[in-house]
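Engineer: As you go down the protein sequences, you meet chains A and B in turn.
To convert, note that position 77 of the first sequence is 73 in the numbering used here; the numbers rise steadily by one, no gaps.
To convert, note that position 244 of the second sequence is 814 in the numbering used here; the numbers rise steadily by one, no gaps.
In short, the hints are calculated from the structure, not lab data.
It cannot be assumed that every hint is accurate.
[What the hints assert, rightly or not] Covered by chain A, according to a simulated footprint, are these stretches of chain B (three or more residues, beta-carbon under 8 Å):
id	segment
1	604 to 618
2	623 to 632
3	690 to 704
4	745 to 759
[As the list claims (entries may be wrong)] Each computed DMTMM-like pair below joins lysine to aspartate or glutamate, with the alpha-carbon atoms no more than 20 Å apart:
id	chain 1	residue 1	chain 2	residue 2
5	A	Lys72	B	Asp790
6	A	Lys65	B	Glu829
7	B	Lys844	A	Asp8
8	A	Lys62	B	Asp835
9	A	Lys94	B	Glu922
10	B	Lys608	B	Glu744
11	A	Lys51	B	Glu808
12	B	Lys774	A	Glu43
13	A	Lys65	A	Glu36
14	A	Lys65	B	Asp695
15	A	Lys62	B	Asp807
16	A	Lys51	B	Asp835
17	A	Lys76	B	Glu920
18	A	Lys72	B	Asp797
19	B	Lys769	B	Glu922
20	B	Lys801	B	Asp695
21	B	Lys844	A	Asp11
22	A	Lys51	B	Asp807
23	A	Lys62	B	Glu920
24	A	Lys62	B	Asp797
25	A	Lys72	B	Glu922
26	B	Lys774	A	Glu56
27	A	Lys72	B	Glu654
28	A	Lys76	B	Asp835
29	A	Lys51	B	Asp851
30	A	Lys23	A	Asp70
31	A	Lys62	B	Glu826
32	B	Lys769	A	Glu12
33	A	Lys65	B	Glu920
We treat Cβ as the ideally placed atom computed from N, Cα and C, and that holds for glycine.
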Amino acid sequence: MGQMELGNTMVDVNDEGYLTDASQWNKDVANAIAKEIGIELTDKHFEVLEYLRQKHTEGEVLTIRKVGKSGIVDIKGLYKLFPGGPLKYSSKIAGIPKPASCV
Amino acid sequence: MKKIVILGGGTAGTMMSNKLRNALRREEWDITVVDKHKTHYYQPGFLFIPFGIYNERDVKKPKSSFFPAGVNVMYTGVDKIEPENKKVLLDGGKILYYDFLIIATGTQTKPEETPGLKEELWYKDIFDFYTIEGALALQKHFKSWQGGKLVMAISEIPYKCPVAPLEFVFLAEEFFTKKGIRDKVDITIVTPMAGVFTKPIATKMLSDLLVEKNINVVADFYIEKIDNEKKALVSYDEREVLFDTLTIVPVNMGDEMVERSGLGDDLNFVFTDKHTLRHRDHENIFVLGDAANIPTSKAGSVAHFASEILFDNLMNAIEGRPLIASFDGHANCYIETGYGKGALIDFNYETEPLPGTFPLPGIGPFGLLKNTKINHYGKIMFRWIYWHMLLRGKALPVEADMTMAGKKRVTF
């Protein structure tokens, strides 16, 4: 737990660098996190991020499958946008919690 | 006569039918349970079947033994719910009207959601242990299996009993060691998550077990399809994991009736207020157990704790009070780790599994996040508690709300 400056904004983050308060998020924060991961954000990325944030606010559990059915991008496309771990990276950049199991 | 209809006579629906029949006067309230199946399976026991520890007779009883007198039971499928008319359309055209409806239709495995899964290798080299058929087929397979690559894979989240795949690999490790062929069995667990453990404290306390037992982990692996010819799992980012025997948790989805009724999300889990347990959009509908889309584990313990909150809120609704009972997401799960030992986790929406002790009058305390023999006995004893107390809606000496008593806040 701690604070760090991302894209000129002070944000609260956990040990893995995920925002602990989704309301502190803005596009500059997103760009800064994405840069650390090695992703250059495009409009398509932001469409996905906004979708994730909306579903998170509505209290839904997010899955790769759900994003794939969102009409924004299919699963292969999501992997191209966020290679390696599409949901964990997109969640991190969207300022919402890391997808987690119970243990 | 006022009417309560419960859809689903599994763990959740059976518990509710008992609680409600005890509390509501028969002259005033008519209670009906609808379920298409007549057999009640003790599903936590499925895990033990592949290793010959339990057999079919240990996990099955007729559902009718557990419904209380004075409840109507209809063994039929549900076509759809019409919330605006407060009615349920059953298969065959029958109609049930309700004042309050409880959806407890659970979750099901959907192997057909993954291309290549339910094809020529299904129940030959590919198995699930979430159905009685799959667990028994795997038991038979293991009797003559000479070793090779054993892969335990998770297709999608959420799925029922999140710790079961982990328990499976621990028990497999013991099983093949005792059989004398552990050196010929390569065990791998494959998960779409970032790791087998995702919560920081549980990761620190339990991940050594995987190393000790020489179990490989492949993380961030999201299955696109099964290549039957190559005997490989293929991920969306084109990685492959080869197997000789594959045990898989297929994609889990809620009942198709939920989709036909337009009451749930893309996986047919019902939109549910995570605190009141009422449907997000319909004030006469409540949701209990695996059917709900609440962000906690799909597990019997959750259904049990939630049933107490749901009961209170249904009474509040019946008597015109606000729904003041609030579910905290409490779950309590044993994790079998092999060799007669087990770990225990206890958590809720806000608090991750913590170490310490779990108080249980008369039996405990159990060790939290610790690998002990008493935890294993707890799991074995639980089957008796399940049949004789839990399903019948009797009070257990465990609070619905998670307690911090015995837990230790730790930092690493």
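Engineer: Can you list which hints this structure breaks, lowest number first?
Structural biologist: Hints 1, 2, 3, 4, 7, 10, 11, 12, 13, 14, 17, 21, 22, 23, 24, 25, 26, 27, 28, 30, 33 not satisfied by this model.
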